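2 protein chains.
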Amino acid sequence: MKVGYLGPHGTFSEQAVLKISNIQEIMAFPTIWEVINSVETGKTGKCVVPIENSTEGCINVTVDSMIFDTNLYIQSQINLPIEQNIMVKEGTDINKITKIYSHPQGLAQCRLFLQKNYPEAELIATNSTADGGKIVKNSDEPCAAIGLLRVSEIYGLKILHKSIQDNNKNFTIFSVLSKNDTSKELNNKKTSIAFSTDNSPGMLCKILSLFDVWDINMTKIISRPFRNKSEEYVFFADLESNGSANDMKNCLDMVSRKTSFFKNLGSYAVYDYR
Amino acid sequence: MKVGYLGPHGTFSEQAVLKISNIQEIMAFPTIWEVINSVETGKTGKCVVPIENSTEGCINVTVDSMIFDTNLYIQSQINLPIEQNIMVKEGTDINKITKIYSHPQGLAQCRLFLQKNYPEAELIATNSTADGGKIVKNSDEPCAAIGLLRVSEIYGLKILHKSIQDNNKNFTIFSVLSKNDTSKELNNKKTSIAFSTDNSPGMLCKILSLFDVWDINMTKIISRPFRNKSEEYVFFADLESNGSANDMKNCLDMVSRKTSFFKNLGSYAVYDYR
Chain A
2 MKVGYLGPHG
12 TFSEQAVLKI
22 SNIQEIMAFP
32 TIWEVINSVE
42 TGKTGKCVVP
52 IENSTEGCIN
62 VTVDSMIFDT
72 NLYIQSQINL
82 PIEQNIMVKE
92 GTDINKITKI
102 YSHPQGLAQC
112 RLFLQKNYPE
122 AELIATNSTA
132 DGGKIVKNSD
142 EPCAAIGLLR
152 VSEIYGLKIL
162 HKSIQDNNKN
172 FTIFSVLSKN
182 DTSKELNNKK
192 TSIAFSTDNS
202 PGMLCKILSL
212 FDVWDINMTK
222 IISRPFRNKS
232 EEYVFFADLE
242 SNGSANDMKN
252 CLDMVSRKTS
262 FFKNLGSYAV
272 YDYR
Chain B
2 MKVGYLGPHG
12 TFSEQAVLKI
22 SNIQEIMAFP
32 TIWEVINSVE
42 TGKTGKCVVP
52 IENSTEGCIN
62 VTVDSMIFDT
72 NLYIQSQINL
82 PIEQNIMVKE
92 GTDINKITKI
102 YSHPQGLAQC
112 RLFLQKNYPE
122 AELIATNSTA
132 DGGKIVKNSD
142 EPCAAIGLLR
152 VSEIYGLKIL
162 HKSIQDNNKN
172 FTIFSVLSKN
182 DTSKELNNKK
192 TSIAFSTDNS
202 PGMLCKILSL
212 FDVWDINMTK
222 IISRPFRNKS
232 EEYVFFADLE
242 SNGSANDMKN
252 CLDMVSRKTS
262 FFKNLGSYAV
272 YDYR
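In order, the protein sequences belong to chains A and B. Residues in the first sequence are numbered consecutively from 2, following my numbering. Residues in the second sequence are numbered consecutively from 2, following my numbering.
Any given hint could be a false lead.
One copy or two, either will do: identical chains are not told apart, so a pair holds if it fits within one copy or between any two.
What the hints assert, rightly or not - Straight-line Cα separation of at most 20 Å, EDC-like style, residue types lysine to aspartate or glutamate; simulated pairs:
no.	residue 1	residue 2
1	K221	D239
2	K190	E41
3	K221	D167
4	K180	D94
5	K250	D94
6	K221	E57
7	K135	E57
8	K135	E35
9	K207	D182
Derived from the structure by calculation, the hints contain no laboratory data. A quick note: this is a predicted structure, and the numbers were derived from the prediction, not measured.
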């Protein structure tokens, strides 16, 4: 099965996609929207997209595509820590490094480390962390790249220091999406839904009380403007339950009955690599 | 009064900061956390920080700093459309442009425009869109930069095409923060609060019913993990009311009484430049 992801080669999304078993081929797309659309149009069988970053927040383009554009289900969730590494070509004199290449986000994430360890080095932006690795591989000067482990694997570079990002608790949540509803599988932990009520706090309240009835915990809720309907909102919520799959089904049937818009986005297992 | 913002010179945040009247001096900081902290420590009197992007979502680092790290109030909200422009040095032969410089995000936001109009040009990453402008200003080759209007002003470049971003509805919400609670000013439109209940949907429900009592609309709610307390959540909510400031005060007094954690983040006016 082909699996779509946010490219290019060497990205953090690629690192996430390689955590999935039984992959025949991976296929890079330039935007999240195109990644998701590749499943909808059958170019790929599933895809991996970032849905939330612990620092930067929920990725609205992913959430909105799932709510408004497609009818895909979440198959699983992958939590990956963001680990940046500094890498060089074998044989580089590490005391002579004068240029360090990375995507501006990679450079920004390691600002304190770079200030302390390479205060004199010139920091040069690249289009992706993988591009930085490629430049270092082809350079004859003593230089380094900052990127994910995957970049060092692709370009055969040696890691000088591991995990050099300033914030050690930064991680990204990826969702694996496909057309199949896997809600009935046994190791499911989490359920995601989207729903809309009329615009009074009282109506939202009524829905939340249904979760209480079936002893279901809501572990996340975010409101999003309803596309093309100003003043209306959709809620995206994550639910967890220790009860039976049947309880969840009965609860969601009732939520569906009492809302003006309802979408079950799937029940799924969570793989946490932090 | 000094006003802090997310630098460097020429950023989108700088464009937002210049919308504020009565500024004596603006001061750039390298991270959102340092921008906010500059007000807390008195280095600046107020600051401007991005709090939500229409595509990428709520900026958790801003929200979390406001909830957990500081005691600042929102003074006003500024909504700015994200407009990218392609610019050149006066006298450039526009049929010979072979290199286009910008931050990877600037290049990505204009991907379709570039594919259509400059399919042969080499796209070169820079650390900021302002850096791209600087390179073009100093270059003798026929090249262009992509960036905000502000970049063309800083480097005296000529705009070739305005508003070339692929998505015309993309905008960012900025918050102006300071130590002063301006809740009593007359043109206030919105109120933001943070609160925590015990972890049952029923408790959240109880709080939402209070908004109903005082006819207050909740226009946004997002849940955030309570820092250092796993399994607990804080809610960040935006409220709007047609009623009196006194109604809002009475409602929030009651919310405060019924929650385990409560923070009034200010009532403020909204300036919408879309």
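Using 20 Å as the alpha-carbon threshold, which applies to K250 and D94: within, between, both, or neither?
Neither, since 62 Å and 65 Å both go past 20 Å.
Note to self: When Cα atoms must be at most 20 Å apart, do K221 and E57 count as within-copy, between-copy, both, or neither?
What the structure shows: Answer is both: 16 Å inside a copy and 17 Å across each meet the 20 Å cutoff.
Original post:
Within a copy, between copies, both or neither: where do K180 and D94 come within 20 Å Cα-Cα?
Top reply: For K180 and D94, the Cα distance exceeds 20 Å both inside one copy (51 Å) and across copies (50 Å).
Exercise for the section: Measure nothing new, just compare the shortest in-copy and cross-copy C-alpha distances for K135 and E35 to 20 Å and report within, between, both or neither. Expected result: Neither, since 25 Å and 33 Å both go past 20 Å.
Classify it for me, K221 with D239: is the Cα-Cα distance of at most 20 Å met within a copy, between copies, both or neither?
The answer is both: 5 Å in one copy and 17 Å across copies each meet 20 Å.
Quiz prompt | Within, between, both or neither, where K207 and D182 count as close if Cα-Cα is 20 Å or less | solution = neither (27 Å within a copy, 34 Å between copies)
Is it within, between, both or neither when you check K190 against E41 at 20 Å Cα-Cα?
neither (25 Å within a copy, 41 Å between copies)
Inset, instruction - Can you give me the call for K221 and D167, within, between, both or neither, at a CA distance of at most 20 Å? - result: Answer is neither; intra-copy 27 Å and inter-copy 31 Å both fail.
Fill in: Intra/inter-copy verdict for K135 and E57 if alpha-carbon distance must be at most 20 Å
Answer is neither; intra-copy 27 Å and inter-copy 28 Å both fail.
The structure is inconsistent with the numbered hints 2, 3, 4, 5, 7, 8 and 9, although it conforms to all the rest.
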